[in-house]
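Those sequence lines, one after another, are chains G and Y. Going by this note's numbering, the first sequence opens with residue 1, and the numbers climb by one from there. Going by this note's numbering, the second sequence opens with residue 1, and the numbers climb by one from there.
Read the hints as simulated data drawn from the structure, not as lab findings. Incorrect hints may appear among the rest.
Computed footprint of chain G on chain Y, listed as stretches where at least three residues anywhere in the stretch have a Cβ under 8 angstroms from a Cβ of chain G [to be verified]: (1) 54 to 62; (2) 66 to 76; (3) 149 to 162; (4) 276 to 282.
Far from chain Y by the CB rule (all over 10 angstroms, computed), these chain G residues [as the list claims (entries may be wrong)]: (5) P26; (6) A119; (7) T159.
All values reported here derive from a predicted model rather than from experimental measurement. Note that CB positions come from ideal geometry on N, CA and C, so glycine has one too.
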Amino acid sequence: MQDLHLPDRRSIPLLLAVLAIAIAAPFMFYPLFLTKVLCYALFASAFNLLLGSCNLLSFGHAAYFGASAYIAGHTAKAWGWPFEASILAGVATAAALGACFGYLAIRRQGIYFAMITLALAQMVYFLALQLPFTGAEDGLTSVPRGKVLGLFELDNPLTLYFTTLLIFICAIALIHRTTHSPFGQILHAIRDNEPRAISLGFEANRFKLQAFVLSAALAGLAGANKAIAFKLATLTDVHWTTSGSVILMTLLGGLGTLFGPIVGALVVVTLENYLADSGLPIQLVIGTIFILCILLFRRGIVGEAQAFLQRRRGKAD
Amino acid sequence: MPIQALLGQLLVGLINGSFYAMMSIGLAIIFGLLGITNIAQGAFYMMGAFFSWLLLREAGIGYFYALVLSPLIVGLIGAAIERTLLRRVYKLPHEYGLLLTFGILTFTQGLFIYIFQTAGRPYPVPTELAGGFNLGFMFLPKYRAWVVIASLTTCFLVWYALEKTSLGRTLRAATENPTLTRAFGINVPALMTLGFGAGVALAGAAGVLAAPIYTVSPIMGADLIIVVFAIIVIGGMGSIMGAIVTSVSLGLLEGLAKVYYPQGSNMVVFVIMIAVLLLRPAGLFGREK
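With the rest of the complex left out, here is chain G:
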């Protein structure tokens, strides 16, 4: 699970092209759909930060996404908090939850880590089912969107999309900065050889926990944004199927790459949109892709494309 990122010189035109597409897209496609893609792309990128940089497979990331969605939705709806405050409340909840769960989960290694995160997330699901403010089976509905900075109505789909895009870009920049900072290097060192990193004087568990909290907080940012954008927080947001689909997005797009989770989220969200009308259960298709992905192309779409480009470059030289 190595870190494959493009060298900086090449990535600038590519980044500009992606940005241009992102700005032009809402004039060609349904902005609300694109907003959804952005929310899940951020969610998957947050998950990828943990799996790609630390090799920690969290099987319960829906807990942070969903808890944050509920808190953001509740503060906006019941307490009338402005957009920014609701989002921050959601992120803070996710970060706090991440700190508690991360503290527990990093006490065990490998596969047990995944099992613990899954079990802890299931607790959040049961809480969401039973707490008085979550609306149980119905979820939290008709959350008001409010205004950005008290000025721009988020009920305008374009405003909503560009606000989400801005949040998304800031978060991705933060993730990129983190993985390429000294902190990120230490995470890689721990991932590649934990005993050696410890012998060099790094407290492995402290760094893992910090990465875990950051990943949970960013997943929370995605969840809060989603709750406001779709005026909705439901049990699906905290369910293990959501934890599974964020894993799939990351894997399908390309583990440990910057663009992989974004591509994966685009593919999976698009697929879900199409399948919603087809009568074919989404799980059937998701499961098939999951199996194919693990057996045939573990590097994912972006990973395979990068490997292909590198091979071609190798031949040309």
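Once you've looked at the hints, dock chain Y against the given chain G.
Then chain Y, alone, in the frame of chain G:
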């Protein structure tokens, strides 16, 4: 608190605990031999229940035949999956095994939802086991008593087979050191197929036993497997007897919680998991490798 209600819930707890035990020893065998954390165990449990329902509806084959046939079919499907899919990820890190079986769980659930929809289907209690005993202080339905006896007997038979027979010794040898076991001329890949088939057949058998108690539905296994995972974290996968004891005690604790604190009953196992992680991070019977 009336004593009948308490005993009734403890009985339900005992039943759930014995299902947990069958699921978790299956998981432990599979993890030991294949290094795969089989989250699809939940799907095989569901399949066990569904096949017995199908056998009854389509072929008129009754409960006691289904109790043998259904786990057998589940085991054969498991063996086929091991041969075609799982075999390809043994050399990869353990996480890929979990992810692959997660894909299998999702796929199977989706397939059964596609064919049978999500609605639950009742499976009648077999006439031989209908009714119950009046013990004076409580009413004990025959079927529930049977489930406890049947599943715990199965668990102890598995324990006996693994600990005391020569096949069990070979399996344990293959778990400890597959390369060396192979050098002794033992067909380890075949053992792995057998081990996976047997492990999922246990889940299938639990499903058949569960069918008359819980309604048969495509999504019946998924939430169960998460609880079983928490139990595995508490008890560790190192010891079969440890897994049985942990599973049954947690089932009983869940039953107690249903009486004294019903809102929290579905969270008891997770709370205990947290306590164990804080106090004894390696698990009750575990050794941290």
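*Would you pick out the hints that fail for this structure and give their numbers low to high?*
Violated hints: 1, 2, 3, 6; rest satisfied.
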